[in-house]
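Q: Chains A and B are the protein sequences, given in the same order.
Each residue of the first sequence is one higher than the one before, starting from 1 at the first, in the working numbering.
Each residue of the second sequence is one higher than the one before, starting from 1 at the first, in the working numbering.
Simulated from the structure, these hints should not be mistaken for laboratory data.
Among the clues, some could well be false.
[As the list claims (entries may be wrong)] Negatives, chain A to chain B, calculated, CB over 10 angstroms:
no.	residue
1	Gly358
2	Asp367
3	Asp382
4	Asn416
5	Gly425
[Unchecked claim] Derived pair list, reagent style SDA-like, types lysine to any residue, alpha-carbon separation capped at 20 angstroms:
no.	chain 1	residue 1	chain 2	residue 2
6	B	Lys56	A	His297
7	B	Lys200	A	His297
8	B	Lys56	A	Ala195
9	A	Lys67	B	Glu174
10	B	Lys200	A	Ile299
11	B	Lys56	B	Leu30
12	B	Lys3	B	Val335
13	B	Lys197	A	Ile299
Glycine included, each C-beta is placed from N, C-alpha and C at the ideal position.
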Amino acid sequence: MISRKKLLMLLGLLILAGLALAACGTGDGGTAEVIIRTVEVPGPGGETIIVTVEVPVGEQPPAAMTKDDPSTLVLTTFGGPGSLDPAWNYETAGNTAIMNIYETLIFYNRGAASEFIPQLATDWTISDDGLTYTFTMREGVQFHNGDTMTAEDAAWSLQRGVLQGGGWSPQWLMTEPIFGIGVYDVAELVDPEGALVDDREGLVAADADALLAACEAVTSAFVADGNTVTITLAQPWGPMLGTLAGGFFSVVDKAWAVEQGAWDGDCATWQNYYSVDDETAPLTDIMNGTGPYMLDHWIPGEEKVLVRNENYWRTEPGWEGGPSGVASIETIVVLYVDEWGTRFAMVQAGDADLFDLGGLSVVSQVDPFVGEECNWDASIEDFTCELTDNPNGPLRVWLGAPGVSRSDALMTFDINVEGGNGMVGSGEMDGNGIPPDFFNDLNVRRAFNYCFDFETYIAEAQNNEAVRGIGVLIPGMLGWDDDGAKYDFDLEKCQEEIELAWGGAVAENGFRMQIAFNTGNTSRQTAAAILQSNFRSIDPKYQIEIVGLPWPAFLSQIRASRIPVFVSGWLEDIHDPHNWVGPFTTGTYAYRQQMPEEMIAQFSEYVDAGVGASDPAERHAIYLELQQFDYDSAPAIRLSIRTGHRYEQRWVQGYYFNPVYPGSYYYSLSISQ
Amino acid sequence: MTKYIIRRLLLVPVLLIGTTILTFAILQFLTPTERSALYMADVPRNENAWNSAIRKYCLDCPITEQYWRWLVGVRDPVSGEYETGLLRGHLGYSRSGHQYVSEMIARRFPATLELALWSILPIVGGGIWLGVKSAVNHNNLIDQVVRVISIIGWSFPTFVFGLLVLMYFYANLEWFPPGRLSLWANQIVGDPELFVKYTKLVTVDSLLNLRFDIFWDAIRHLILPIVTLSYLSWALLLRVTRSSMLETLHQDYVTTARAKGLREKDVINRHARPNALLPVLTLAGFTVVGLLNGVVITETIFNYPGIGKAAAAAALSFDVITVLGLALFSGFILVFANLVVDIAYVFVDPRVILD
Numbered sequence: 001m002i003s004r005k006k007l008l009m010l011l012g013l014l015i016l017a018g019l020a021l022a023a024c025g026t027g028d029g030g031t032a033e034v035i036i037r038t039v040e041v042p043g044p045g046g047e048t049i050i051v052t053v054e055v056p057v058g059e060q061p062p063a064a065m066t067k068d069d070p071s072t073l074v075l076t077t078f079g080g081p082g083s084l085d086p087a088w089n090y091e092t093a094g095n096t097a098i099m100n101i102y103e104t105l106i107f108y109n110r111g112a113a114s115e116f117i118p119q120l121a122t123d124w125t126i127s128d129d130g131l132t133y134t135f136t137m138r139e140g141v142q143f144h145n146g147d148t149m150t151a152e153d154a155a156w157s158l159q160r161g162v163l164q165g166g167g168w169s170p171q172w173l174m175t176e177p178i179f180g181i182g183v184y185d186v187a188e189l190v191d192p193e194g195a196l197v198d199d200r201e202g203l204v205a206a207d208a209d210a211l212l213a214a215c216e217a218v219t220s221a222f223v224a225d226g227n228t229v230t231i232t233l234a235q236p237w238g239p240m241l242g243t244l245a246g247g248f249f250s251v252v253d254k255a256w257a258v259e260q261g262a263w264d265g266d267c268a269t270w271q272n273y274y275s276v277d278d279e280t281a282p283l284t285d286i287m288n289g290t291g292p293y294m295l296d297h298w299i300p301g302e303e304k305v306l307v308r309n310e311n312y313w314r315t316e317p318g319w320e321g322g323p324s325g326v327a328s329i330e331t332i333v334v335l336y337v338d339e340w341g342t343r344f345a346m347v348q349a350g351d352a353d354l355f356d357l358g359g360l361s362v363v364s365q366v367d368p369f370v371g372e373e374c375n376w377d378a379s380i381e382d383f384t385c386e387l388t389d390n391p392n393g394p395l396r397v398w399l400g401a402p403g404v405s406r407s408d409a410l411m412t413f414d415i416n417v418e419g420g421n422g423m424v425g426s427g428e429m430d431g432n433g434i435p436p437d438f439f440n441d442l443n444v445r446r447a448f449n450y451c452f453d454f455e456t457y458i459a460e461a462q463n464n465e466a467v468r469g470i471g472v473l474i475p476g477m478l479g480w481d482d483d484g485a486k487y488d489f490d491l492e493k494c495q496e497e498i499e500l501a502w503g504g505a506v507a508e509n510g511f512r513m514q515i516a517f518n519t520g521n522t523s524r525q526t527a528a529a530i531l532q533s534n535f536r537s538i539d540p541k542y543q544i545e546i547v548g549l550p551w552p553a554f555l556s557q558i559r560a561s562r563i564p565v566f567v568s569g570w571l572e573d574i575h576d577p578h579n580w581v582g583p584f585t586t587g588t589y590a591y592r593q594q595m596p597e598e599m600i601a602q603f604s605e606y607v608d609a610g611v612g613a614s615d616p617a618e619r620h621a622i623y624l625e626l627q628q629f630d631y632d633s634a635p636a637i638r639l640s641i642r643t644g645h646r647y648e649q650r651w652v653q654g655y656y657f658n659p660v661y662p663g664s665y666y667y668s669l670s671i672s673q
Numbered sequence: 001m002t003k004y005i006i007r008r009l010l011l012v013p014v015l016l017i018g019t020t021i022l023t024f025a026i027l028q029f030l031t032p033t034e035r036s037a038l039y040m041a042d043v044p045r046n047e048n049a050w051n052s053a054i055r056k057y058c059l060d061c062p063i064t065e066q067y068w069r070w071l072v073g074v075r076d077p078v079s080g081e082y083e084t085g086l087l088r089g090h091l092g093y094s095r096s097g098h099q100y101v102s103e104m105i106a107r108r109f110p111a112t113l114e115l116a117l118w119s120i121l122p123i124v125g126g127g128i129w130l131g132v133k134s135a136v137n138h139n140n141l142i143d144q145v146v147r148v149i150s151i152i153g154w155s156f157p158t159f160v161f162g163l164l165v166l167m168y169f170y171a172n173l174e175w176f177p178p179g180r181l182s183l184w185a186n187q188i189v190g191d192p193e194l195f196v197k198y199t200k201l202v203t204v205d206s207l208l209n210l211r212f213d214i215f216w217d218a219i220r221h222l223i224l225p226i227v228t229l230s231y232l233s234w235a236l237l238l239r240v241t242r243s244s245m246l247e248t249l250h251q252d253y254v255t256t257a258r259a260k261g262l263r264e265k266d267v268i269n270r271h272a273r274p275n276a277l278l279p280v281l282t283l284a285g286f287t288v289v290g291l292l293n294g295v296v297i298t299e300t301i302f303n304y305p306g307i308g309k310a311a312a313a314a315a316l317s318f319d320v321i322t323v324l325g326l327a328l329f330s331g332f333i334l335v336f337a338n339l340v341v342d343i344a345y346v347f348v349d350p351r352v353i354l355d
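Please take these sequences and the hints and turn them into a complete structure.
A: Below, the structure is given as structure tokens:
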């Protein structure tokens, strides 16, 4: 007979289990019979579309997806901006606010990241030599505080950004075109060795003439003359328009900013405003742009609220069918909700209109709520939408849009073993380790590429939502070729390459080494596991150990070039090949990988030629050559480029995809009531 | 007792400085590059970024210099004035929280305090009440039920329990939402012309502003965190109260009280319970300190903007300045709460003399 104590424990457990089931259950029941209905539903662009759906007998047709209060859109996300200063902020959360509140001279033509339309400039010309860009400014545009926007504001904004500089600000995107390739910060004009980068104290104490010359170099590069702004470059720069369309180079109200404590345009004092901190920068938490939204308030870690600019200047759409007039949605509330479960609960309760996933591992929780699925159609470069088997599902999902972030497994050519490095085992080719220059052997690098199962990686690590990487570029970009040379998974070829490597020593002795990823990044962990498994399947002597490191330690080890193979990624700043080829072949990753100088030199030739060419066909040809050289030299395993995955409540209308947008462009959105 | 209190208060600065030195020393085990990760969301685009972050924030300076900068501040190269420094009243800028640490504490502590104040009674009162009930019904049905339920609560991960109640009572029933206030209430509370923040405790201020709708909204947001904290905290208080109470109930003076013919209710409430509460008081004191320092998981699940969430974010990103500031604040609360508990002993048990 069961004891009373056990009975009570059982009762308690049953209560809790009931609670859990009640919380998790959807209450769906099975229905065998269906009828076909024709229904009208709102389409992604706000239009009405007619679709046929199978509806279980006895159920109502798909409900109209509306929201009681269409004036407010709520986005739940995590993290948050570091700064709202467009010239300083360098992450997507801040840039989303900047894109909606500030404006640039030119903007993207709807979803086309490489086609541009006038925004604060009404038109522009480019000189025949590609060195001078002249913009005619729009008249009658007001900042949110009522000040009139002028060409002086535009020129000053660009000058201020570059002079404010900063080693980890986005201004290197502008210093390269105006001062020359490889100049990443204005302080390098005062000290070319870079010793003054981010050293305001040192800069203040620097030679006055050098300081003045640096400032004048900047002010002469961005000149306001009447109603025009002229930008003069050091060399032709293919990505220049793409650079100017980015929010980093937004137009700020000079008079207002100076009142707030920003640089006043005097070349005698610019060094005092150089390399600010988030805490001391005057525009960190205040905004005054010309955009369709104004900043109401930002409480870090809690919320950011944008309100509609009732005096927005745009009266004609920027593109056919585009938004014009004041924004449709009055208030945008961005709530910072770190925990996914909480964000998901808010979605289910209908309190979140847009939400960030935080990772594809939770997709299976959300998909049962999807009533409408929109898939990217490359032939029309847009989405096509249809109802799902659950037509009353409250969510819409957008799938397959070409992504702008990639992952790669990067090999270190000269591994740092100073002070000992357990990641290379014994450090010798004795079967219990690898020598520091293990990856200097091309056959080793090719073997690692052949041993990587791309299909499995994309299926398991990327939820089948990624395309195979080819070279350092991304699909659709100049230099991209679907049929470009790539290493396919082939264990026999892997073994052949291993046998050739190091004169046969690798095959004879085997090897032992570690691959590192940052803890919590499961897709990077999966990539490492695939290599580990495949090498082991060829020969147990080929030993790869996988090490998860906390982010700071991972970063530190990468910086010190101590990791034999590390899986890392990149998210583009501007939609241009230069933003990809530079970092991967001559910039930060090339340094971290300790690439041989001759390899960097060869890459540099392509990089410099590509960015300096203005003819797209010429650039395409140059980047094709670079891609081929990347294949030939195999400095990394080019893993994949993620495709998009976005959810929203179905009452949200007006979304379109632009790969370079840092987040939602709220101006184009509306809510069905 | 006055001398005791003064002596304890004089020790406060020493304890707090000691706390910061210890915290600072522990964080120095990380290399400068590891600590520079705080300033980088990913592998930096610009090769200079690594060096400049380390140089700018003096991450490779001697530990004494780094501590001195935090304590005394850094002189601005242009104005020549000190901008920061604990001794000048600045706790520094929180890179993980994107605001000054003092602002962070000023904004978040009222939320934490409000949650703690509303939780103290159900947690401590409920725990003691259940413990007493359990003890006086030793080994009978009530005792068994209470113990089983509390043990389940004790072993239930906060994360799981919190998410379950959130899914059921918010996602399904839409009764108790996460956060501190609804959007409409937040708009009113954020408008100084519509709502005066006397105490920064929304429930109190809403009553003072005669905004009962906002009061009810705030309560709706507090219920689930309170339920979660209470249920998961009862087990410990219950067990300590129960065992202490059982021990007391077997004391001679209790037997004497019964022999004298006192009603059982009086024996328990007037003779046994007050004496059984001394160890409970210590535990309750620590519970309150824990609540005032923020309850990380509960605040995270219910998106409650308290200090615990900020502390966790700072620790995870090795944000030295924020960790130091919050450690200082926590230390202050701990010392102060201990003092209050010591004084409370005197009132609970007059035999205790503070010297």
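Q: For every hint, state whether the structure bears it out.
A: Cross-check of the supplied hints:
no., hint, verdict
1, Gly358, "holds (13 angstroms)"
2, Asp367, "holds (16 angstroms)"
3, Asp382, "holds (30 angstroms)"
4, Asn416, "holds (12 angstroms)"
5, Gly425, "holds (23 angstroms)"
6, Lys56(B) / His297(A), "violated (30 angstroms)"
7, Lys200(B) / His297(A), "holds (18 angstroms)"
8, Lys56(B) / Ala195(A), "holds (12 angstroms)"
9, Lys67(A) / Glu174(B), "holds (16 angstroms)"
10, Lys200(B) / Ile299(A), "holds (15 angstroms)"
11, Lys56(B) / Leu30(B), "holds (17 angstroms)"
12, Lys3(B) / Val335(B), "holds (16 angstroms)"
13, Lys197(B) / Ile299(A), "holds (17 angstroms)"
In terms of the numbered hints stated before, the structure departs from hint 6 and from no other.
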